[in-house]
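Engineer: Chain by chain, the residues:
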Amino acid sequence: MFYRQAAIRHTSYDQTKKLYPIPFDKWLVVAVLLVALLAPFAMSGLYLNSYLLPWVIWSTAALSLNLLMGYAGQIHLGYAAVMAIGAYSSVHAMRLGAPFEFALILGGATAMIIGVGFGFTALRVKGLYLAISTLAVQYLVDWVLTHVPAIGGGTQATLQTPTPALLGFEITTDIGRYYLALGWCAVVTIFMLNVKRTGLGRALIAVREKDYAASVLGVNSYYYKLIAFAVSSFFGGVTGAILAFTFFGAVTPEQYSIDISIQILAMVVVGGLGSVLGSFFGAGFILLAPLFLNNMVTGLAEAYDFGVSRSVISHIPLILYGGLIMLFLLFEPLGLAKIYDNIRKYFLVWPFGFSRR
Amino acid sequence: MQSASSPVQAVESTSPDLSDANLTLVQLVARNAKQHSTGIAFREKELGLWKEYNWQDYLDNVTCLAAGLESLGFQPGDTLMVMGDNRPKLYCSMIAAGALRGKAMPVYPDAAPDEVLHFCKLSQLRFVIAEDQEQVDKLLDLREEIGTIEHIIYVKPRGMRGYQVPGLVGYDELIERGRQRLDADDQLLDAIINRSRPEDPAIYLHSSGTTGLPKAIVIQNRRILSGVLSAYEGERFRLNEEIIAYLPMAWVGDFALTVAAAIALRFTVNIPEGQETVLRDMREAAPTFYLAAPRSWDNMLTTMQVRMQESTPIKKWLYNFFMGLALEREKRRFNSEEPTVIQKLLKPIGEFMVYGPIKDNFGLSRVKNAFTGGEAMGEDTFLFYRALGIRLMQLYGQTESSAFTSTHQADEIRLHTVGKPLPGVEVKISESGEILVRSNSVFDGYQGNEKATNETLVDGWLHTGDAGYLEEDGHLVVLGRVSEVVYTATGERYIPNYIENRIKFDPIIKDVAVFGRDRDYLTALVCIDLDSVGNWAEQHGVSYISYADLSQKPEVLELVQKALEHVNDVLPEALKIKRFANLHKEFDPDDGEITRTRKLRRKVVEERYQPIIDALYGGHLDVTMRAQVTYDTGESGSIERILAIKDLNR
Chain D
46 MFYRQAAIRH TSYDQTKKLY PIPFDKWLVV AVLLVALLAP FAMSGLYLNS
96 YLLPWVIWST AALSLNLLMG YAGQIHLGYA AVMAIGAYSS VHAMRLGAPF
146 EFALILGGAT AMIIGVGFGF TALRVKGLYL AISTLAVQYL VDWVLTHVPA
196 IGGGTQATLQ TPTPALLGFE ITTDIGRYYL ALGWCAVVTI FMLNVKRTGL
246 GRALIAVREK DYAASVLGVN SYYYKLIAFA VSSFFGGVTG AILAFTFFGA
296 VTPEQYSIDI SIQILAMVVV GGLGSVLGSF FGAGFILLAP LFLNNMVTGL
346 AEAYDFGVSR SVISHIPLIL YGGLIMLFLL FEPLGLAKIY DNIRKYFLVW
396 PFGFSRR
Chain V
11 MQSASSPVQA VESTSPDLSD ANLTLVQLVA RNAKQHSTGI AFREKELGLW
61 KEYNWQDYLD NVTCLAAGLE SLGFQPGDTL MVMGDNRPKL YCSMIAAGAL
111 RGKAMPVYPD AAPDEVLHFC KLSQLRFVIA EDQEQVDKLL DLREEIGTIE
161 HIIYVKPRGM RGYQVPGLVG YDELIERGRQ RLDADDQLLD AIINRSRPED
211 PAIYLHSSGT TGLPKAIVIQ NRRILSGVLS AYEGERFRLN EEIIAYLPMA
261 WVGDFALTVA AAIALRFTVN IPEGQETVLR DMREAAPTFY LAAPRSWDNM
311 LTTMQVRMQE STPIKKWLYN FFMGLALERE KRRFNSEEPT VIQKLLKPIG
361 EFMVYGPIKD NFGLSRVKNA FTGGEAMGED TFLFYRALGI RLMQLYGQTE
411 SSAFTSTHQA DEIRLHTVGK PLPGVEVKIS ESGEILVRSN SVFDGYQGNE
461 KATNETLVDG WLHTGDAGYL EEDGHLVVLG RVSEVVYTAT GERYIPNYIE
511 NRIKFDPIIK DVAVFGRDRD YLTALVCIDL DSVGNWAEQH GVSYISYADL
561 SQKPEVLELV QKALEHVNDV LPEALKIKRF ANLHKEFDPD DGEITRTRKL
611 RRKVVEERYQ PIIDALYGGH LDVTMRAQVT YDTGESGSIE RILAIKDLNR
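First to last, the sequence lines map onto chains D and V.
For the first sequence, the working numbering begins at 46 and goes up steadily by one.
For the second sequence, the working numbering begins at 11 and goes up steadily by one.
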């Protein structure tokens with residue numbers, strides 16, 4: 046119905062690598078981009094700051110983790126720690142007088158260096174063992190942040206972030222901060238979309254499918270795993286800094302705790318491993334679903350008297366939320382992106398039942 | 011590249027007109043190369059990619075090949091046999107032969123050796139261009155028998171390396187040879203482009219041979235070009251159409267469209283990867299002009315319907331609802347009634363939800379003009395495509411008139427007519443009811459067959475051999491072949507083909523032969539359509555192991571019976587079909603039962619299935635059919651089958 050594919054043809058193999066060969070997909074992307082660009086002017090500051098902005102930032106974080114988990118197939122349970130390294134490094138760098146752009150890159154670089162250094166050792170093991178050793182990073186970083194005053198500012202300390210300035214222009218408004226986050230999100234998204242079409246992307250996917258099979262094919266799997274750790278950590282570090290500068294306005298160890306690591310992991314898994322679109326869906330679901338469920342249940346409780354205590358009602362959203370995640374994973378283990386894909390395919394073969402044999 | 015000289019420069023207009031018929035095909039290629047050198051002439055799908063040839067590439071191929079052919083000793087009047095599927099290089103070779111004042115003679119790629127032998131002997135053949143090893147092998151088997159073949163050019167080198175045969179040369183090697191000659195002599199290029207004259211042959215074809223051995227027909231440049239250009243004047247083509255070339259090259263329609271019209275009107279010709287991938291490649295090519303035989307349209311319709319059958323309930327419901335609506339609207343239009351308000355309102359929604367997506371799936375979404383030609387088309391099929399929003403039109407023409415005699419026009423569609431004659435084409439009906447045609451595109455006589463020529467061409471009027479009449483508003487109605495008019499024992503006059511076509515409009519019936527000459531009543535021998543009956547059997551839990559088995563299932567016999575009774579309803583009492591049998595196999599061109607264009611060879615069928623015909627009139631309830639079969643290995647055996655015979659109730 047929406048997807049028209051007549052006259053789509055290729056005269057060279059380069060053309061077959063197009064991201065969006067079907068015009069409808071292309072226009073959909075353009076439409077989403079336009080909505081994202083115009084949204085700040087159409088919604089109140091509250092919605093922008095508490096819904097859209099975090100969605101954009103957490104999507105970026107999920108995308109960054111997806112490079113490691115979805116593309117390269119390496120689990121990471123301490124991703125919030127990676128983000129913390131980036132956030133703290135860039136805040137310190139800026140406080141020491143570095144310009145914002147440089148501080149961001151420095152934050153990313155620090156996260157990358159620590160990430161790779163850690164990867165060297167952690168990648169000697171695989172699977173569940175790797176999961177446990179990544180968990181160790183989380184605890185190490187948490188410990189350092191709370192126990193080394195030079196970095197964390199001391200126990201219970203909160204470090205205010207300096208005002209970010211891009212190319213000399215200070216970013217002080219909500220809209221400016223939103224565009225900063227959106228810009229970084231666009232960079233990561235474009236990278237993620239395109240990496241699949243490169244040799245690096247194909248090598249990562251080979252490693253994901255079976256690392257020793259990839260080695261047999263001549264892909265140095267240890268090297269590519271390290272690359273994945275490095276790039277993913279760099280993106281995670283910058284995203285952590287962006288989160289601090291645009292959303293929190295300060296850094297504290299609690300912002301990057303183990304809970305957050307699990308949440309990002311959930312975003313990736315619920316959204317769909319290895320899917321760019323899934324990262325956005327996953328972040329949206331994990332972040333926004335509790336808020337909406339909460340509003341809905343409280344609204345209903347106010348309108349109708351259920352005759353149950355407030356403390357019970359405050360737990361209902363959590364029960365529903367947990368149930369929803371379980372249902373989604375039962376119904377479609379490949380994530381929200383796969384659900385979208387199923388719907389898309391339903392219309393792709395329209396009006397027929399399936400594509401031609 | 012030197013520019014082409016005199017006649018080419020004389021005509022500088024960019025929009026073609028009738029005066030272009032004073033040029034030759036090769037001159038027109040040269041003009042296109044000069045004026046639109048980067049325009050795409052061919053787009054050939056190869057290993058999944060569409061490889062493009064622009065007009066300059068086209069001209070280079072033609073001129074180099076012509077120079078190469080000449081160096082092999084190709085003389086004016088020589089014939090170049092072209093064997094293979096539609097390929098740009100084979101099309102170029104046709105133009106090259108024409109440029110040297112010779113004749114290109116395409117044959118069907120699956121032509122039986124006997125046919126090839128017949129064609130070769132008729133034309134004193136010395137040169138052959140073959141697509142691949144398969145065709146070369148076929149030719150080498152016959153070489154001794156033919157005796158005259160000197161040079162065989164092959165296009166695809168795969169598998170050809172080990173061949174140690176005199177006269178075998180690769181296409182690329184020949185092109186290289188030609189290029190060297192062209193480089194050495196600056197005059198040669200102009201000479202090749204301007205050597206041939208409009209009255210020189212453009213193509214050497216054969217009549218389809220429904221009634222006997224195929225007759226040789228040579229069509230001159232000016233004939234084919236005036237046919238194409240008058241169709242352009244009559245707005246049946248536009249400039250720069252995108253077309254898809256999949257029709258057999260030996261059919262006049264293909265030459266007229268993919269070569270003559272494509273050159274004169276600068277079409278882009280899309281060539282699918284192979285015969286099997288046509289449907290798939292159609293979507294990628296998305297032609298703006300589409301010509302197909304009714305059979306192809308029927309096949310496509312069957313595919314659509316089968317795929318809809320397998321669709322999900324909601325989609326199916328939407329499809330049935332909107333198609334029903336559109337068919338209703340189209341029927342009203344044929345009765346010259348306005349569509350109802352609801353039909354008008356729902357049309358854009360239907361276009362978005364159903365018609366558009368279906369057209370898109372089959373690559374028909376860009377089609378501006380679509381034609382069906384060669385045979386009559388079923389009313390249901392015709393209505394269906396019109397309802398989808400495709401401007402399907404009937405085309406009537408024959409090899410002898412360069413394919414174009416008359417067609418429908420966009421807004422003047424009548425189900426039973428083939429439209430009005432094209433501009434510059436005169437049509438009249440002889441006293442015996444035969445259609446006569448006179449125009450610039452009518453040919454000049456059969457090759458080496460004076461007798462047939464004198465019978466066919468009288469005072470410039472082409473005797474088509476088709477029975478028909480002109481309606482008051484000038485629309486031409488074609489009934490069938492004059493020679494096919496048959497009388498039953500009771501003196502009832504009918505054309506079997508006409509009844510057969512009516513029967514074949516049902517998708518479950520692939521082919522049918524109706525008998526009744528000098529008999530008291532009519533009977534039919536039916537070949538079911540394996541795809542659609544097989545699908546029906548799956549849906550209804552009828553299990554079968556082969557075509558023969560399926561055809562004799564009681565349920566299938568009942569299905570066919572209903573289809574025939576439906577046709578009987580509209581036939582006059584004396585011409586109702588009384589009995590029928592399902593044949594255990596499809597009619598096959600390899601067995602000579604139908605021609606390559608799938609027209610019935612009545613004599614062959616009547617001889618071969620005499621026992622069945624006798625049984626049909628003998629009152630038996632079944633008949634044992636013994637058939638001699640020749641396997642691919644050359645061994646022969648016999649197969650015995652019991653075929654059921656059924657009576658019709660209405």
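Be aware that one or more of the hints could be misleading.
Said to hold, decoys possible - Listed next, the in silico BS3-like pairs over lysine-lysine satisfying Cα-Cα at most 25 angstroms (straight line):
id, chain 1, residue 1, chain 2, residue 2
1, V, K341, V, K461
2, V, K131, V, K61
3, V, K588, V, K572
4, D, K62, V, K61
5, D, K390, V, K438
6, V, K656, V, K586
7, V, K563, D, K390
8, V, K357, V, K325
9, V, K430, D, K63
10, V, K595, V, K609
11, D, K390, D, K62
12, D, K383, V, K325
13, D, K63, V, K55
14, D, K62, V, K55
15, V, K430, V, K461
Derived by calculation from the structure, the hints in this document are not laboratory data.
Engineer: Give a verdict on every hint.
Structural biologist: Checked hints:
1. V:K341 to V:K461: violated (47 angstroms)
2. V:K131 to V:K61: violated (37 angstroms)
3. V:K588 to V:K572: holds (12 angstroms)
4. D:K62 to V:K61: Given that 25 angstroms is the threshold and the Cα spacing comes to 17 angstroms, the pair holds.
5. D:K390 to V:K438: violated (56 angstroms)
6. V:K656 to V:K586: holds (14 angstroms)
7. V:K563 to D:K390: violated (39 angstroms)
8. V:K357 to V:K325: The given pair, whose Cα atoms are some 17 angstroms apart, holds under the 25 angstroms limit.
9. V:K430 to D:K63: Roughly 48 angstroms between the alpha carbons, so the hint for V:K430 and D:K63 is violated.
10. V:K595 to V:K609: holds (16 angstroms)
11. D:K390 to D:K62: holds (20 angstroms)
12. D:K383 to V:K325: holds (21 angstroms)
13. D:K63 to V:K55: holds (19 angstroms)
14. D:K62 to V:K55: holds (18 angstroms)
15. V:K430 to V:K461: Between V:K430 and V:K461 the Cα gap is close to 31 angstroms, so the pair fails against 25 angstroms, i.e. violated.
Consistency with the previously given hints fails for numbers 1, 2, 5, 7, 9 and 15, ordered from lowest to highest.
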